[in-house]
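The sequence shown lines up with residues 177 to 318 when you count with our numbering.
Simulated from the structure, these hints should not be mistaken for lab results. Note that the coordinates shown come from a computational prediction; the quantities given were computed from them, not determined experimentally. Virtual Cβ for every residue (Gly too), placed ideally from N, Cα, C. Mixed in with the good hints, there may be bad ones.
As the list claims (entries may be wrong) - DEER-style ranges, computed between Cβ atoms: (1) E181 x D217: 17 to 23 Å; (2) T198 x R251: 22 to 28 Å; (3) R307 x T198: 18 to 24 Å; (4) P208 x D249: 22 to 28 Å; (5) T191 x T309: 15 to 21 Å; (6) E317 x D201: 39 to 45 Å; (7) W252 x D202: 27 to 33 Å; (8) D237 x E313: 17 to 23 Å.
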Amino acid sequence: MADDERDEFLGRSGTGVLSLSTPGDDPPHSVPVSYGYDPVDEVFYFRLAVDEESGKANPTDRGTTFVTYGERDGRWRSVVASGRLVSTTDESLSTESLAGLERTKQIPIVDIFGEPTSQVEFQFYRLDPDRLTGRVERPMEP
Numbered sequence: 177m178a179d180d181e182r183d184e185f186l187g188r189s190g191t192g193v194l195s196l197s198t199p200g201d202d203p204p205h206s207v208p209v210s211y212g213y214d215p216v217d218e219v220f221y222f223r224l225a226v227d228e229e230s231g232k233a234n235p236t237d238r239g240t241t242f243v244t245y246g247e248r249d250g251r252w253r254s255v256v257a258s259g260r261l262v263s264t265t266d267e268s269l270s271t272e273s274l275a276g277l278e279r280t281k282q283i284p285i286v287d288i289f290g291e292p293t294s295q296v297e298f299q300f301y302r303l304d305p306d307r308l309t310g311r312v313e314r315p316m317e318p
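Hey, can you work out the whole structure from these sequences and the hints?
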């Protein structure tokens, strides 16, 4: 998938699955999330509920993979981004992250918490992928 086609597919926001590495042979911790995408810097932004019970504790210390997929124009497409999450509150990134967040649409709010989102503590993270790939389904040949 070409970069411009990938950026169009990602839009400025949407949903996907975020996977964080775990120790040893444990499977990765994978959760559905909403995201914002900045096509200028090719980075993703996430608003995550992070606490000890969420399975996302210390997300900046873990390898991360994000996957989003969907159908457009009758063809399935997917994008996979891998790297590490960075807190957007880090002083060295805060100004840059604010500019990137302004280039995204609002990150969709998806209520899956079983309690009002006003009672859930969220933190913002950025994924500047080491690897970013996109695939598109080939058209069926007659």
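Check each numbered hint from earlier against the structure, then list the numbers of those it violates in ascending order.
As far as the earlier hints go, 2 and 8 are violated by this structure, in ascending order.
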